[in-house]
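Q: What follows is the residue order along each chain.
Protein chains: 2
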Amino acid sequence: MSDLTPPPGSRMRAEIHEQPAAVQATLETATPAIRDLAGRLRREGVEYVLIVARGTSDNAALYGLYMFGAVTMKLAATAAPSLLTCYDTQLDLRKTFVLGVSQSGKATDVIEVLHAGRERGAITGALTNTDDSPICSAVQHVLLTHAHEERAIAATKTYTTALVVMHQLAALWAGRSDIADQAQRVPAWIEEVLRLEPDILDHAERFRFMETCHWLARGLNFCTAKEAALKMAECCYVVPSSFSSADFMHGPIATTDFGFPCFIVNPTGRAYHSVGVVVGAVEAHGAEIIMLSNADEMLQRARIALRLPAMPEECSPMAAAVVGQLLALYIALEKGLDPDQPRGLRKVTQTL
Amino acid sequence: MSDLTPPPGSRMRAEIHEQPAAVQATLETATPAIRDLAGRLRREGVEYVLIVARGTSDNAALYGLYMFGAVTMKLAATAAPSLLTCYDTQLDLRKTFVLGVSQSGKATDVIEVLHAGRERGAITGALTNTDDSPICSAVQHVLLTHAHEERAIAATKTYTTALVVMHQLAALWAGRSDIADQAQRVPAWIEEVLRLEPDILDHAERFRFMETCHWLARGLNFCTAKEAALKMAECCYVVPSSFSSADFMHGPIATTDFGFPCFIVNPTGRAYHSVGVVVGAVEAHGAEIIMLSNADEMLQRARIALRLPAMPEECSPMAAAVVGQLLALYIALEKGLDPDQPRGLRKVTQTL
Numbered sequence: 001m002s003d004l005t006p007p008p009g010s011r012m013r014a015e016i017h018e019q020p021a022a023v024q025a026t027l028e029t030a031t032p033a034i035r036d037l038a039g040r041l042r043r044e045g046v047e048y049v050l051i052v053a054r055g056t057s058d059n060a061a062l063y064g065l066y067m068f069g070a071v072t073m074k075l076a077a078t079a080a081p082s083l084l085t086c087y088d089t090q091l092d093l094r095k096t097f098v099l100g101v102s103q104s105g106k107a108t109d110v111i112e113v114l115h116a117g118r119e120r121g122a123i124t125g126a127l128t129n130t131d132d133s134p135i136c137s138a139v140q141h142v143l144l145t146h147a148h149e150e151r152a153i154a155a156t157k158t159y160t161t162a163l164v165v166m167h168q169l170a171a172l173w174a175g176r177s178d179i180a181d182q183a184q185r186v187p188a189w190i191e192e193v194l195r196l197e198p199d200i201l202d203h204a205e206r207f208r209f210m211e212t213c214h215w216l217a218r219g220l221n222f223c224t225a226k227e228a229a230l231k232m233a234e235c236c237y238v239v240p241s242s243f244s245s246a247d248f249m250h251g252p253i254a255t256t257d258f259g260f261p262c263f264i265v266n267p268t269g270r271a272y273h274s275v276g277v278v279v280g281a282v283e284a285h286g287a288e289i290i291m292l293s294n295a296d297e298m299l300q301r302a303r304i305a306l307r308l309p310a311m312p313e314e315c316s317p318m319a320a321a322v323v324g325q326l327l328a329l330y331i332a333l334e335k336g337l338d339p340d341q342p343r344g345l346r347k348v349t350q351t352l
Numbered sequence: 001m002s003d004l005t006p007p008p009g010s011r012m013r014a015e016i017h018e019q020p021a022a023v024q025a026t027l028e029t030a031t032p033a034i035r036d037l038a039g040r041l042r043r044e045g046v047e048y049v050l051i052v053a054r055g056t057s058d059n060a061a062l063y064g065l066y067m068f069g070a071v072t073m074k075l076a077a078t079a080a081p082s083l084l085t086c087y088d089t090q091l092d093l094r095k096t097f098v099l100g101v102s103q104s105g106k107a108t109d110v111i112e113v114l115h116a117g118r119e120r121g122a123i124t125g126a127l128t129n130t131d132d133s134p135i136c137s138a139v140q141h142v143l144l145t146h147a148h149e150e151r152a153i154a155a156t157k158t159y160t161t162a163l164v165v166m167h168q169l170a171a172l173w174a175g176r177s178d179i180a181d182q183a184q185r186v187p188a189w190i191e192e193v194l195r196l197e198p199d200i201l202d203h204a205e206r207f208r209f210m211e212t213c214h215w216l217a218r219g220l221n222f223c224t225a226k227e228a229a230l231k232m233a234e235c236c237y238v239v240p241s242s243f244s245s246a247d248f249m250h251g252p253i254a255t256t257d258f259g260f261p262c263f264i265v266n267p268t269g270r271a272y273h274s275v276g277v278v279v280g281a282v283e284a285h286g287a288e289i290i291m292l293s294n295a296d297e298m299l300q301r302a303r304i305a306l307r308l309p310a311m312p313e314e315c316s317p318m319a320a321a322v323v324g325q326l327l328a329l330y331i332a333l334e335k336g337l338d339p340d341q342p343r344g345l346r347k348v349t350q351t352l
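Those protein sequences? They're chains C and Y, same order as listed. 1 is the number of the first residue of the first sequence in the numbering used here; add one for each residue after it. 1 is the number of the first residue of the second sequence in the numbering used here; add one for each residue after it.
If we strip away everything but chain C, and leave its shape as in the complex, we get (with noise of 0.2 Å):
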């Protein structure tokens, strides 16, 4: 046990406890433009999604990814950007639905996506968290999330609001207002883990020397493992490696030897079963386990337990992420690294 206490000054640290109430502010406001834009999808019988965007934000698409093929039951697809902006490909996009996504809103080959699209006849549509950016004024609607400034270089608020509208939008689209309505309990989940805070900070220092890890994960919360494995590497320098647990039986399950830290989100929900088989597989390898599920069957099988709220499967990865990020938080500490400083990066990278 570590007695490092939690640091005042530390933005990502301030932000992941914003949460709440940015999920809360991003409920409340965006609402409107969503339904907007869900009516226009169905009116005008859109059949194809393909979502562009970069690092966090495309974690956030993959979310999105299947969302609008399990709730909207649409074809969906993340595009990559060089396609266009490498390779000029003329596709047709009519009957497409391209949404970007970028906090900033200043991410230019993301953006150069969008205005492709437009003019190939897609609806366009912009997810940032930046009124008044560039991505803005190169399409058609534009939804915001609420998370106020993001200052740490990792994303964080701005990640889970953005989940939060991909929800939403899915599920009015889907014109599934019992899906929609579960995310009003989204803000009191994520309080639920927060209070996770001082258990993961206990556990930090065993993770001193890691170097590197897996984690694991499979449909919708893939992209809470990916997004998790992106956190240790922007904050810890730990070499990160996500798979869905499927492809993951298919090759890398043998760089698993005794002891290697595989961290496991498995909430209950369609893919619990699936995951579990994979959760076997390790174990027979000696792996050490850390596990994030609400299923004690899971927690039992773990060497470390965090414990996710009784969720439905469509929400359990806004409150998964949030354990990832305290995670990335307290281990960076631990390595005497600053989370809030991480080498090499800027807030707004650009690439083309």
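No lab work stands behind these hints: they were computed from the structure. All figures in this text were calculated on a predicted structure; none of them were measured in a lab. Take the hints with a grain of salt, since some may be wrong.
As the list makes no split between identical chains, a pair holds if one copy fits it or if it spans any two.
Derived DMTMM-like pairs: lysine to aspartate or glutamate, alpha-carbon spacing no greater than 20 Å straight-line [unchecked claim]:
{"id": "1", "residue 1": "Lys335", "residue 2": "Glu205"}
{"id": "2", "residue 1": "Lys335", "residue 2": "Asp257"}
{"id": "3", "residue 1": "Lys95", "residue 2": "Asp36"}
Following the hints, complete the assembly by docking chain Y onto the known chain C.
A: This is chain Y only, laid out in the frame that chain C set:
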């Protein structure tokens, strides 16, 4: 320099060397079926491609995604099998071509998605190395690679021949016989890469204690980075980390400290300049660069330079993959591991 001699009994080494002949045989025998399918996709005005695969085949799918985008100008996506196998998503797949990739032809989740695709109006195809396998009876169009039996666990010749089939299908669907014809020279280009073997054997000792590394590329060769990282995971138990070089700049570059090994794939082509920017960034971090390129400017900036043939960008992933295979093979041998028998893996992996 190591005095390691090539292992005469290694199945993986033998199969790496069989690739020029396997590609030649595939080009000679697969064309009628590819031409037949390409004609149908044109006639029926198919607008979307959904590729479903796991493991190495998923990396082949990634190549297809760029080829169907950049050459055929169709919106292509890789499907998450879990959307259909776990979430029971009811997609409308008319005007969509669903392609399953499985060398063994036994990937149960891939087959399930193909069945679902056919029910929902898609044209379905199977890209496999195994005639009469279950995947063949699930689809309307069978595209066979002619790599003969692959016995090593780590896929090599079934990967490069799958790329050749994707290349031909994308080119013929687009009516681009100029691009299709380029593949005739792939066997010779692979022969040229195989002549790097003594050089790679010499360099392998340097990586005896390498535990992790980055593989970076973009666009058409993003699949090369992912596949080489997977080979190193399977054969060398190196924890793989592979990125689109653009995504890499949005976070993971923070993990790259002085001397960190970065394998970069950057042949000339439309992604060349963009990847070059990332080379500058990892140089600034003091990383060790191992470069796969056919451009002097790139090779001169590397600690270890592995020269690719001068070749069209569309074919370069087939040659560059072989460099990754040879690196994985000889680094595994330096580590005292048997690349023919990675722990915890079998030739056919079944996930649901």
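Q: 20 Å Cα cut-off: does Lys95 pair with Asp36 within a copy, between copies, both or neither?
A: within (17 Å within a copy, 28 Å between copies)
Q: Please sort Lys335 with Asp257 into within, between, both or neither, judging by C-alpha distance up to 20 Å.
A: between (23 Å within a copy, 15 Å between copies)
Q: Quick one: Lys335 to Glu205, C-alpha cut-off 20 Å, is that within a copy, between copies, both, or neither?
A: Intra 8 Å, inter 31 Å, cutoff 20 Å: intra-copy only.
Checked against the numbered hints given earlier, this structure breaks none of them.
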